[in-house]
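S.K.: So the chains spell out like this:
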Amino acid sequence: MKVKFALLFVVMLALLSTSALAQDSVVQLTMGSWRVDDVAQMQVILDAFSAAYPNVKITFDPTNPPDYNATLRTQLEGGTAPDLFYLRSYATSRQLYEEGFLEPLGDLTGLMENFTPEARAPWATDDGVPYGVPFIAVSHGIYYNVDLFNELGLEIPTTWEGLIEVAQKIKDAGYTAFANASGDEWTIAEIVFMNLAPNFIGGFEGRQAYLKGERCFNDEHAVAAFQAVADIAPFLPEGQEALTYYDSQQLFLLGEAAMWMGGSWDIPFFESEEPEFAWSVFAVPAPEGQEQAYVTFHLDAGMGLNAASTHKEEAKLFLEWMATPEFATLLADNLPGFFPISTNTVSLQNEHANTFLSLNEGRGLDVRWAWEGLLAGQPDGYTLMQNGALAVIAGTQTPQEAADALQDGLAQWFEPAQNCAK
Amino acid sequence: MSDAVLTEVGQVRERAAARWDVQRRRTWVLFLVPAVIVYTVFMAFPLFNSMRLSLYQGKGLTPETYVGFANYTELFTNPLWRDRFFNALRNTVVFFAIHMLVQNTLGLLFASLLSNVHLRGRNIYRAVIFLPATLSVLVTGFLWTLILNPRWGMLNQLLEGVGLGALARPWLGDANLALPVISLVSSWQWVGLPTMMFLAGLLTISDELLEAARVDGASAWQVFWRIKLPLLKPVIGIVSVLTFVGNFNAFDVIFAMAGARGEPGYSTDLMATFFYRTAIAGEHPVAQPNMGLGAAIATIMFLILLAGVSLWLILGRERDEKTGT
Numbered sequence: 001m002k003v004k005f006a007l008l009f010v011v012m013l014a015l016l017s018t019s020a021l022a023q024d025s026v027v028q029l030t031m032g033s034w035r036v037d038d039v040a041q042m043q044v045i046l047d048a049f050s051a052a053y054p055n056v057k058i059t060f061d062p063t064n065p066p067d068y069n070a071t072l073r074t075q076l077e078g079g080t081a082p083d084l085f086y087l088r089s090y091a092t093s094r095q096l097y098e099e100g101f102l103e104p105l106g107d108l109t110g111l112m113e114n115f116t117p118e119a120r121a122p123w124a125t126d127d128g129v130p131y132g133v134p135f136i137a138v139s140h141g142i143y144y145n146v147d148l149f150n151e152l153g154l155e156i157p158t159t160w161e162g163l164i165e166v167a168q169k170i171k172d173a174g175y176t177a178f179a180n181a182s183g184d185e186w187t188i189a190e191i192v193f194m195n196l197a198p199n200f201i202g203g204f205e206g207r208q209a210y211l212k213g214e215r216c217f218n219d220e221h222a223v224a225a226f227q228a229v230a231d232i233a234p235f236l237p238e239g240q241e242a243l244t245y246y247d248s249q250q251l252f253l254l255g256e257a258a259m260w261m262g263g264s265w266d267i268p269f270f271e272s273e274e275p276e277f278a279w280s281v282f283a284v285p286a287p288e289g290q291e292q293a294y295v296t297f298h299l300d301a302g303m304g305l306n307a308a309s310t311h312k313e314e315a316k317l318f319l320e321w322m323a324t325p326e327f328a329t330l331l332a333d334n335l336p337g338f339f340p341i342s343t344n345t346v347s348l349q350n351e352h353a354n355t356f357l358s359l360n361e362g363r364g365l366d367v368r369w370a371w372e373g374l375l376a377g378q379p380d381g382y383t384l385m386q387n388g389a390l391a392v393i394a395g396t397q398t399p400q401e402a403a404d405a406l407q408d409g410l411a412q413w414f415e416p417a418q419n420c421a422k
Numbered sequence: 001m002s003d004a005v006l007t008e009v010g011q012v013r014e015r016a017a018a019r020w021d022v023q024r025r026r027t028w029v030l031f032l033v034p035a036v037i038v039y040t041v042f043m044a045f046p047l048f049n050s051m052r053l054s055l056y057q058g059k060g061l062t063p064e065t066y067v068g069f070a071n072y073t074e075l076f077t078n079p080l081w082r083d084r085f086f087n088a089l090r091n092t093v094v095f096f097a098i099h100m101l102v103q104n105t106l107g108l109l110f111a112s113l114l115s116n117v118h119l120r121g122r123n124i125y126r127a128v129i130f131l132p133a134t135l136s137v138l139v140t141g142f143l144w145t146l147i148l149n150p151r152w153g154m155l156n157q158l159l160e161g162v163g164l165g166a167l168a169r170p171w172l173g174d175a176n177l178a179l180p181v182i183s184l185v186s187s188w189q190w191v192g193l194p195t196m197m198f199l200a201g202l203l204t205i206s207d208e209l210l211e212a213a214r215v216d217g218a219s220a221w222q223v224f225w226r227i228k229l230p231l232l233k234p235v236i237g238i239v240s241v242l243t244f245v246g247n248f249n250a251f252d253v254i255f256a257m258a259g260a261r262g263e264p265g266y267s268t269d270l271m272a273t274f275f276y277r278t279a280i281a282g283e284h285p286v287a288q289p290n291m292g293l294g295a296a297i298a299t300i301m302f303l304i305l306l307a308g309v310s311l312w313l314i315l316g317r318e319r320d321e322k323t324g325t
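In order, the protein sequences belong to chains A and B.
Start counting the first sequence at 1; every next residue gets the next number (the numbering used here).
Start counting the second sequence at 1; every next residue gets the next number (the numbering used here).
Pulled out of the complex, with its shape left as it was, chain B reads as follows:
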């Protein structure tokens, strides 16, 4: 065959390949369309619409007067709103910190214990740890309000029974205790999720690595600290981000255990309950809610979440680049 023919064949092949590429790309787009439509209609549109609402003022659920950034100015200059906003923000940070400290640390501990193949009854423990996560927050919240009830609750009676009656408290009525107590209840409920994720991460670590370490004379603690923990880093990252997103949107457990006002005295008021009161329910039983201001709070919540998640993504990429993966 002459060179000319060869080039022609080559060109035809190239063209065919290009055409196939275009076709394949079209098919991809086709596959994406349903997801994009669902995402646009149910996620993107409401999100942008609520941002739009934050620039409006009015009495109903759809405020109609354009006011620019007046809602934001009001939120940050009126001491009344500003104090409640920063109070809610502070409480949310505490709520998140307790989850990171208690829920995720316990999750890691449980996962380490459960990954031990010699542990008897592993499946039972795993089921027990995961069980609360399958219940509705309203149900567990209500159960815990009964347990913590100072008059007929189990906890105080238990304390009195073992001679520690002096420790009995109106747990949910004390402004200093209510938020930590509710955070612990929430940690108890959701500890199964990080446990499962850490367990899955631990099970992917190859036995050869662990065995090699043991042969080299590493103690169990060194194996955990030097080998397992570094290899778990990606999972820890994901668990932290999920906890962050979940906690900064948390509403149900506070609503169930302390009401929409974050009682007592706003001490358990989170961003989401503050938003709910401002935008939907109103400050007191006959109050008129302020949807525009509420939308401004929702937008700020979104920005906080966006900043947190972006930070994680950026840090994650830098780390990946360093390790060359």
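So that you can see chain A by itself, here it is in the shape it has in the complex:
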């Protein structure tokens, strides 16, 4: 009996040591993320990476989105942070870099060649030193019910005024025009106000004028953006004050609402929920007489390298691989609605994702208005824009009052807003 146990013990020891030996040659890395929904999809991408680089294995370890920023910071301060991790764009990750938690990536092969300076900017210093690889962008537009548009004989509107006319026709026919609602307040900020704003403030250049103090946040363009929210307010569903994001999706899916201002990340939801449902998407049209139109193509996530990682060389292999067309294709096909940012042109398998991406052609692209520069103080631009848009919809503020509140709020801490041209 004892001999048997001794033998078993020896065998187990041998097994353990061989597996340990096998692990010696494979470097284990972890990747932090806030995308808890993407575990299976990221596994496919990481498996493809391990197939190309058999000696590096990456474990995807996401955190619940609301806790991500605080958790990551605690991990970084305590020395237990993942080797690679998702980076929010602009201020949130800039702070991490300035405090030395992020490795500068100026010498990373392929980073300068495969990404435009605009694409690198959300994860780079003002001098252009990158500390993150641009990773995921999301697009915004107006979803529409193709069958309902055909039934009512509606054309895709090409001007903002045309869009309101279409909405009126839909309402007259007894349907809800827009499925959007204020029950979940962030949706009004991110997929209504910041979706339509670039067309009214003049995209990237217009937004930069605010950030440089050349324009005040209550100028005619900002008022026009809030006015646009007021324009669509009468066409929101009845009881929209209490309808949630999920309710809006269902209203659109059930054909009760003809349009929905939404983001590209919902492509998989609509496709899996109702595969037969015929929907497509068009860009938020520019107001009449304005030739240049814009799309909110938001640079949402970058990938950063932990400055304290013990396997920087191996982690850089992954970051370099992120600049390749192979990675871009894998990302686009596994996570439809999340677009790769590199200049490598990829053809997307997903038809809806392709439609979304085609909206970018001939239009100016810009990120969501509040992200760059306006989140670094209190009250932050995000909350101010959200509260303003909600008040305009509720009718408690005029567009001018909402814009004034935005200007006054930002002027409490944001220098360009304090010194803007009157």
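Careful, some of the hints might be misleading.
Partial pick of chain B residues on the chain A-facing surface, computed with a CB cut under 8 Å [said to hold, decoys possible]:
| no. | residue |
| --- | --- |
| 1 | K59 |
| 2 | L172 |
| 3 | R261 |
Calculated from the model, a selection of chain A residues having no Cβ within reach of chain B, i.e. all distances over 12 Å [said to hold, decoys possible]:
| no. | residue |
| --- | --- |
| 4 | S50 |
| 5 | P62 |
| 6 | D231 |
| 7 | E276 |
| 8 | W321 |
| 9 | R368 |
| 10 | A370 |
Rather than coming from a laboratory, the hints here were simulated on the basis of the structure.
Cβ coordinates follow ideal geometry from the N, Cα and C atoms, glycine included.
Following the hints, complete the assembly by docking chain B onto the known chain A.
M.R.: Leaving out everything else, chain B in the frame of chain A:
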């Protein structure tokens, strides 16, 4: 026996008694040790640590720069934080008042009815009243958001069905209605607890007292008002304190029905949701939370609770002294 011997025996006895006393005290201490350790590690230490954190500032979950009372000054001098703090405090008081008015009054009413031995099906009623309290708040909160949904919710359809369609509202989307509605949902869920406590209190009142009152010609209302209610005073005190503590810490029902921002427009923001947003989640989806400031809010919540409970204890003792018990 001589006196000397007697004294000696007495002394020995005294000493033995003293020794036994000391031993018994030691044993008591031994029995207390596990509870004290658990209490210290899991209650006292985190409590004092969170008070300590309120004097620090930093970006992560463990702020490290000592700033004195700067977090408190910021909370009460920066109009942004001050407005949200007092808004949350006001909402919490309203939330508590509605629970006292609705939940505890109904609890007393139900208990009075259930204490009637002639009531048929008492056990069924008791189970039905207590049932919601056994469910998770997240579950009941979600169910009520479905019932109250303006588009496909049962309540508005019911109102329309009986010809009261004009009363239909987006209940949770109206800044004036959302807080009362959520308070009522919470009262509905927890009404079973005060009912049980009042019922237990009513059952301890001796029948002789009630019978004597009836013989003296007291009406049912007089019996309730003059005999049952005064004898229930201690229970009413405990129920009030438990409601106070529970309501000033309430978070789950708001989180389930109105989100962490106390939507719409902070109208349902309670102290606990304000704390959660400030310390843990951040004001918007990509915000960086402020743990030091959050700890300051938590400390103020603790002080409010401490003041409330102490007040109850002091008032309780004064009353006991007056009645001589």
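S.K.: Indicate, hint by hint, whether the structure satisfies it.
M.R.: Right, here's what the structure says about each hint:
1. K59: At 5 Å from the nearest chain A Cβ, K59/B passes the 8 Å test, so the hint holds.
2. L172: At 4 Å from the nearest chain A Cβ, L172/B passes the 8 Å test, so the hint holds.
3. R261: holds (6 Å)
4. S50: Answer for S50/A: holds, closest chain B Cβ roughly 31 Å.
5. P62: holds (15 Å)
6. D231: holds (21 Å)
7. E276: holds (22 Å)
8. W321: holds (27 Å)
9. R368: violated (10 Å)
10. A370: About 8 Å separates A370/A from the closest Cβ of chain B, which leaves it inside 12 Å; violated.
The structure fails to meet hints 9, 10 from the earlier list, while all remaining hints are met.
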